[in-house]
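Participant: Line order of the protein sequences matches chains A and B. Quick note: the first sequence uses this note's numbering, first residue 32, plus one each step. Quick note: the second sequence uses this note's numbering, first residue 32, plus one each step.
Note that these hints are calculated values from the structure, not bench results. As the structure is a prediction and not an experimental result, all values here were calculated from the model. Some hints here could point you the wrong way.
The list cannot tell twin chains apart, which means a pair is met if one copy fits it or any two copies do.
[Stated by the list, open to error] Calculated cross-link-like contacts (lysine to aspartate or glutamate; reagent style EDC-like; alpha-carbon spacing at most 20 Å): (1) K310 x E119; (2) K400 x E89; (3) K259 x D126; (4) K418 x D229; (5) K400 x E82; (6) K307 x E452; (7) K482 x E55; (8) K310 x E268; (9) K51 x E452; (10) K211 x E382; (11) K159 x D169; (12) K255 x D270; (13) K418 x E382; (14) K255 x D222; (15) K35 x D169; (16) K60 x D417; (17) K448 x D358; (18) K259 x D222; (19) K400 x E431.
2 protein chains.
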Amino acid sequence: MAEKVVIIGGGAAGPKTAAKLRRENPDIKIDLYTQEEIISYSACGLPYYIENIIQNAETLIIRTVEDFQKQNIDIHIKQQCIGVNTDEKTALFLDLISGNKYEVNYDILVIATGAIPVLPSISNINLKNIFTLRTVQDGINIKNKMKQSKRAVLLGGGYISIEVLEALVQNNLQVTLIEKNSHILKMFDEDFAQMITDYIIGKNPGQVTILTNEEVIAFTGNDKGEVKSVITVSGKEIDTDFVVLGTGVKPNTDFLQGSGIRLGIYNSIKVDRTLKTSKQGVYAVGDCTDNYNLVTNRYTWVPMGSTANKEGRCAAINIAGGSCFFDGILNSTITKYFNLTISIIGISYREAQELGFQPEFAIVTKRDKAGYMPNTGTMTLKLIADKNTQTILGIQGIGEGDVNQRINTVIPAILSKTKLESFMNLDLPYSPPYSPAIDPVLNAAQIIYHKING
Amino acid sequence: MAEKVVIIGGGAAGPKTAAKLRRENPDIKIDLYTQEEIISYSACGLPYYIENIIQNAETLIIRTVEDFQKQNIDIHIKQQCIGVNTDEKTALFLDLISGNKYEVNYDILVIATGAIPVLPSISNINLKNIFTLRTVQDGINIKNKMKQSKRAVLLGGGYISIEVLEALVQNNLQVTLIEKNSHILKMFDEDFAQMITDYIIGKNPGQVTILTNEEVIAFTGNDKGEVKSVITVSGKEIDTDFVVLGTGVKPNTDFLQGSGIRLGIYNSIKVDRTLKTSKQGVYAVGDCTDNYNLVTNRYTWVPMGSTANKEGRCAAINIAGGSCFFDGILNSTITKYFNLTISIIGISYREAQELGFQPEFAIVTKRDKAGYMPNTGTMTLKLIADKNTQTILGIQGIGEGDVNQRINTVIPAILSKTKLESFMNLDLPYSPPYSPAIDPVLNAAQIIYHKING
């Protein structure tokens, strides 16, 4: 049994590992190091803090340093890991307050350093009021600036940009979103990305501009060193009060160079299904690890707070001598833009084609309740199945109706590779306030089944 | 290929069969006979019509007689089937208008006669204002009487009684519900039934009385032949303006005596997975058929509008020469009492014990969204799994939070017998407006897994 566990990283996965490990083992020594000042917070809630749905940033903190100390977990804030020596079982830290470097011994090391924003190569990117959104402090900075602003530019059209867009629109800003691909939300098929774009534009006409196939090549600044405008490759100059970079993230693993810990796709840390790395005594959890995609049977990297929590829990059980397996993911994601739920699970039709599946699809637009009930909402679902195996590869769903109920119904069927023939007559509970007599997701499965089988 | 298809029954399954068959085959002759005047309606919506969430009963009609005639489907209303001769391939009908009897030939017969209320043996049950709720006319009668009433008594504590209770409470009636078992909603475990009871009583204090372990032995009437009170076995006399009998239903199959068509459990019609009965050329669909329970691997009888629609669709495909299998059900049911969602899928802990499983359970009470989001709702889930197979046997869920999303997530896992070990780390999509980072249903699975495996 290990005597001393050192955890690096204070976002979601590290604190989860610490808390679960303490519940599993009241005696083991646990030290958690983080570069930040705040630990154990929900980064996924930051857009709602900016929007002011959540008034205080402290609300996003799940457990404080004091909470951990009560559990006899020592938290070391503002301490950056700059190297790991797996032969000596030591981690090298830089004290961000004093500037001193020092070594820490471990029996078990848990790396939970998360992901960090990728800064694009754009001239003058170091101007003031060009933000990324990853930490609580980032959120506070953006919210403060937003309150004094009328215009903003968002770079990148991923989920975080959509969530920040809602926040800024709700706070009456004029926003331009710039996406280099032909459509936003590139994990979706183009038809769905277009429907989402149309909803965003239609919801607040004149307030939001979405530029696709467009790239920012430079920022201009004023004499205070603040960003003043963005210049695009097509020659546009867009005046703005601030910029939020939603141009992607990468695993925070540069400090592992030379440690011998094996890295995988996009330099994420390779872990097995027990969350062990290639080096004895070293675990990795959360956004810094690779993920096994159970649909494509390939390794991928999809940093998600839910996965981070599950991995942290699982690693803690294993460190404590128990047995927990984290087999992989299904690329499950969901967000919203005001009342529109936006979700994709598994792979898109396009990706299925690229990966060599023989995909078929069905698109249905249906009400979420019996048609005669009040307050029904509509939804559009795109179900993707493989002709050869007759199993479901993915689903995309958007709508003001109850999309997430349908999405969640498909997920275990993707995992278990349930045949369409069984799935399309699945006994979903029916009552007029909850669904039509035949649920929309079953309609979609019936259509694909008959497209494939006649 | 059949030339003439005769369908008996005009509720959900019969009209669904007719409509789907016409889409599959534009030429085949289709005749549908029903005892009622109205066809193709949603009986499940009747409580919401009584409540006046739906103002007009016509809203519940999915397709009218004229709609069917446009599709070249002949509808014969007020015609009761009183016998079937499968050797001669004829059905004997009674014209409820003229009183004449006549025979009809068929190539294919589809029996969709549904279920009818069971009238308990209670003295004076034929008094006026003692209603059952099955047809649109029943709904109209109850609603009309309710508008002039201050008090009502409901017999039986099943789903329909709970739905009618909501309707009457919303319309300011004083209601007494009388249940002969020790708790209402007997398919639930007693703990959940009690929580539901507490919610009902607490929601409108003083307005609802629930009497369990109680039976009605007689009704008393006034000089107009209208019910005036109910007398219970324990000696209570409860004054009332009307009574609704929610004392169960039975398959409407008495007319098949002597036909040679094999009946199964509770005299429901035995069908195979293609919806064929034991007699060549005769199909049966909907509430009059038996059901195969895919959890218990036993035949059961669970009349549900959703199953009726699926069976009707499937039978039509098979009659048209295609191939569709309806493998069975999972006892999936859901309803609501005002804001409380009430659902059970599969089997309860008690039923699992009775059937010889080795059940384990977990109960969790959780919020449906990230705790820091506004407008979260709570839910209580009880997940049941089998220790031997480590698969899920059932789930019960109640709450004002989004219960149905979690319930639906479990259903495909029950169908596919997914191991708890896989299910508990299922990649459900996470975003603060939709769920906590680890979904409540996964919390429940984790707890059971560790109860079983340490």
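Participant: Taking the earlier hints as the rules, which of them does this structure contradict?
Facilitator: 3, 4, 8, 14, 15, 16 and 18
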